[in-house]
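Numbering (the working numbering), first residue to last: 513 to 1125.
Quick caveat, the hints were computed from the structure, so don't treat them as lab data.
All of these numbers come straight from a predicted model, not from anything done at the bench.
Any given hint could turn out to be false.
What the hints assert, rightly or not - Simulated restraints on C-beta separations:
hint: 1; residue 1: Asn874; residue 2: Gly1100; range: 35 to 45 Å
hint: 2; residue 1: Arg837; residue 2: Cys606; range: 15 to 25 Å
hint: 3; residue 1: Asn874; residue 2: Leu538; range: 44 to 54 Å
hint: 4; residue 1: Arg767; residue 2: Leu538; range: 36 to 46 Å
hint: 5; residue 1: Lys1057; residue 2: Asn637; range: 33 to 43 Å
Glycine included, C-beta positions come from ideal geometry on N, C-alpha and C.
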Amino acid sequence: MKTYLRLLSFARPIGKFAIPYILTTLLAVIFGTLNLALLIPLLETLFKSGADTIQHIPLPEFSLSTDYFKNLFYHYFNEAAITKGKFGTLEFVCIIIISSAFLANLFRYISQRIMEELRIHTIENLRVSVFNNIMNLNIGYFNNERKGDIISKVASDVQVVQFTVTSTLQVIFKEPLQLIAFFYALFEISTRLTLFSLLVVPVSGLLIAGIVKRLRQQAKESQERFGNMISFLDEALSGIKIIKAFNATAFIKDRFTNENKQYSKLSRSMVKRQQMASPLSEFLGIATVAGILLYGGNIILNSQDSGLTASQFIVYIAIFSQVTRPAKAISEAFTQIHQGLAAGERVLDLINTPIPIVDKENALIADAFNNKIEFKNVSFSYHEKLVLDNVSFTVEKGQTVALVGPSGSGKTTICDLVPRFYDIKEGSILFDGTDLRELQVDSIRGQIGIVPQESLLFNDTIFNNIAFGKLDATMEEVVAAAKIANAHQFIVNSDKGYDTNVGDRGAKLSGGQRQRLCIARAVLANPPIMLLDEATSALDTESEKLVQDALNNLMQNRTSLIIAHRLSTIKNADKIIVLEQGKVLEEGSHNELIEKEGLYYKLVNMQSFTTEA
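Could you build all of it, start to finish, from the sequences and the hints given here?
Put into C-alpha cells, the structure is as follows:
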C-alpha cells in the first residue's frame, strides 16, 4: 500500500481530477443501475392482464430520497397507463430507459476521459522525476549499474506502472460503487435472496487471493530479467565489431537466448495465474446465478414470499448477472496490480537513490578562477579500494600540468575530482583557497572544460554538437571554434556542412574528426580551466598532428590539467606530476625529472625504445 500511495503522489494535484471523476462516475452508476431497475415496470406492463385495475397514485412531496424518485416515476407511469393505455405506458418506460442509457454512457465517457488525463499526468510526472534523478546521480553510480537495467526502469517499468497501478484507480472507485448500487437494488427487490447470494462472495475472494499470491514476487523478477535482456542488447549493439572480430556471435546469441527463455518462463507463469482469476470469478458468478434461480424459483412456486413477483424475480436475475462484471474487473485489477507494484518498486528505487553530490544549504557561488587549484592530503576510495593516498600538489593559474603514471595510478580520478564528479574522503581540494565542497557545483563546472580520450558526440548535427550546452551560440561563434580546433575544413566538405548529422556516437566521422569536434565544443565554451585526457594515442599520424595542434590552440592562455599517455607530447608542460599506486612519486619539469632518473625517466625510455622498435 505504501508503494501504491507513493506512486499516486505523482498525480498531484489529484483533486483537480478526483472531484469531477467522482461526480461523473457517481452519475454514470446511478443512471446505469436505473436502466435495469426500469425493467420491472416494463415487464409488469407486458404481463398485466386486462382485468387488472390501475389505481391513481398522488404526486409525492419532494425529498432527497430514493422513495421520492421511485414514487414520482410511478405517479407518471400510472398516469400514462390511465390516459394512454398499455402501449402508451410502454412508450413512457422506453423513453425513460433511452434517456437513462444516454446519460449513463455520457457520464461514463466523461469519467473515462478524466481518468485518462490523470493517468497521463501521473506518468509524465513520474518519468520526469526518474530522469531528473538519474541526471543528478554521480558518475560512480553508472559504473556499478547496468545501463540496460536503467533504461528498462525508465521505459518498460514506467510503462507497466502506467497500465496497471494508475488504471486500477478507476476500478478501485467505480467498480465497488457499481457493486454497492447493484446490491442496493437487489436488497430493495428481495432481502432474503440477496443474503443468500452473498454467501459465495467470501469464497470467491479467497480463491482469487490464493491464485495471485505469488504474482508480485514473480513480476519483480520478470522486470529484472527484462532489464538484463536490454543490457545484453545494448552491449551487443555497442560492441558488434568486437563480437564479429572474435567470432563470438554464437556466444552472444546463446547468452541472450538463455535470458530470454528465463524471462518467457516467468511470463508464462504470471499469465497463467492472471488469466485464471477472470474465468474463475465468472464461473463462480454463473454458479451463484444458477443457485439463485433454484432458490428464488422455489420461493415463488411455493408462495413463500408474497412480496416477490415474477417480474421482480426476472429483473433480480438480470441485475445479479451484472454483478459479475464489476466483480470480474476488481479481480483482474487485483491480479494486475501486483505486477504494477513490482515495477513501481523498481522505479522508486531509482528515484530514491541518494544523490551524493549536492550543494550545501549555504554554498557559495565560485568567483572567476584567478589563482590556483590546490590538492591537500587528498585520499579517495572506490568502495573499499584506495585509489588516491595522501596526494598533494598545486596547479597555478595559466600553468599546464601533466599527470603521468602507469594504468591505475589515479590520473583519471584526479581529473574527476576537480569538477566534483566525486567527493573526496579525506583532505581538501581548494579552488582559489576555498574548499570545493563549500562552493556550488554548477559554478565550478561552468569554469571547466573537458576533452575526454573517448570522443563523446550525440546523434545530432555538427553544429549542435559543437554548440552543446550553449543554447545562444551563433553560427559565427561555432565556425570560429571549429577553425581553432582544425575542424572547419572537413566540416565544410561534408554533405550538409554544419548541418551534417554525425550518426550514433559520431559513427559517421573518423576518430580524428570526432576528437576535433570535441575540442571545438570546449573552445566554444571558453572555460579558464581545461581537463584533457590526451586524445591522440589512438589516432594515425596525420590525425594526431591535427588534433595535437588543436589541443595546443585550446590550451593557450588557459590553466590545463592533462592526463598524458604519450610522454613526447608533454615535454613543454610547466609541471609534470608522476603517480604510482595513488601516490605522488615525483614532481617537476621534463628536464628536472629526467635528471632524477626515477620512474618518469624509465617511462620515457620505455616509450622511446618502443617507438624506435
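Taking the hints in turn, this is what the structure says about them:
The hint said 35 to 45 Å for the Cβ distance between Asn874 and Gly1100, and at roughly 40 Å that hint holds. Remark: the range hint 15 to 25 Å for Arg837 to Cys606 is upheld by a beta-carbon distance near 24 Å. Checked against the hint of 44 to 54 Å, the C-beta distance between Asn874 and Leu538 comes to roughly 52 Å, which is consistent with it. Remark: the range hint 36 to 46 Å for Arg767 to Leu538 is contradicted by a beta-carbon distance near 54 Å.
Between Lys1057 and Asn637 the beta carbon distance is about 52 Å. The supplied range of 33 to 43 Å is therefore violated.
Checked against the numbered hints given earlier, the structure breaks hints 4, 5 and satisfies all the rest.
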